[in-house]
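Keeping the supplied structure of chain A fixed, place chain B upon it in accordance with the hints.
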Amino acid sequence: SAVISQKPSRDICQRGTSLTIQCQVDSQVTMMFWYRQQPGQSLTLIATANQGSEATYESGFVIDKFPISRPNLTFSTLTVSNMSPEDSSIYLCSAGTGTVYQETQYFGPGTRLLVL
Amino acid sequence: GENVEQHPSTLSVQEGDSAVIKCTYSDSASNYFPWYKQELGKRPQLIIDIRSNVGEKKDQRIAVTLNKTAKHFSLHITETQPEDSAVYFCAASNTGKLIFGQGTTLQVKP
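From first to last, the protein sequence lines stand for chains A and B.
Sequential numbering of the first sequence, starting at 1185, is according to this note's numbering.
Sequential numbering of the second sequence, starting at 32, is according to this note's numbering.
Same shape as in the complex, but just chain A (with noise of 0.2 Å):
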């Protein structure tokens, strides 16, 4: 399993801002994912996360609104810009771990973000 960490736990935000949001695995990975779970909702998959590349976007997620970074193996992060109310979720990030498939994903701790 791998172990993740993210940082802050916890953000208030007033509308307009931009908060990024960083995720470490304690071992190198090559997936890296971005979830965000609405109160009381599942997990939306925003995008992978590409070591050396552009991410990878889902329907509905765009770049200029969820740029994505991931410099390494170990460290990913994800700026949600321009925040509006509507953006108030919990944010969690994932590492895909395995020695074939790579696809057991273990979670991080996730960051509640409130937007004023």
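If you're looking for bench data, these hints aren't it; they were derived computationally from the structure.
Please note that the accuracy of each hint is not assured.
Claimed, not checked - Derived lysine to any residue pairs resembling SDA-like cross-links, with alpha carbons at most 25 Å apart: (1) B:LYS73 x A:ASP1195; (2) B:LYS128 x A:ASN1256; (3) B:LYS88 x B:GLY72; (4) B:LYS128 x A:SER1273; (5) A:LYS1249 x A:GLN1198; (6) B:LYS73 x A:THR1232; (7) B:LYS89 x B:GLY32; (8) B:LYS73 x A:ILE1274; (9) B:LYS102 x A:LEU1229.
Just chain B, lined up with the frame of chain A:
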């Protein structure tokens, strides 16, 4: 793209009884099916997973079954305990990225 449907949305059982949660998926290319348990305010935790070359997998009180033909898979929890109370999510994958079901809130009454 892949779509995962999960039922029921809530499930209440008496301690010691069994609980079954079912998921169906749409993409026949999906080949990996994990289950996560999420307690309130905590991160999702992987509890069991199954790959498409296996029909059933057990880990103590937890088992998962997969029917590739019908494109559905189920989580079985036997001898439920109050600490099993949580939200359970199924997911499906064929490219490494996970598509989640809507979740099932399981309540185990002592």
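To see whether the hints hold, each was checked on the structure:
| no. | hint | in the structure |
| --- | --- | --- |
| 1 | B:LYS73 x A:ASP1195 | holds (16 Å) |
| 2 | B:LYS128 x A:ASN1256 | holds (19 Å) |
| 3 | B:LYS88 x B:GLY72 | violated (28 Å) |
| 4 | B:LYS128 x A:SER1273 | holds (20 Å) |
| 5 | A:LYS1249 x A:GLN1198 | holds (16 Å) |
| 6 | B:LYS73 x A:THR1232 | holds (22 Å) |
| 7 | B:LYS89 x B:GLY32 | violated (29 Å) |
| 8 | B:LYS73 x A:ILE1274 | holds (11 Å) |
| 9 | B:LYS102 x A:LEU1229 | holds (22 Å) |
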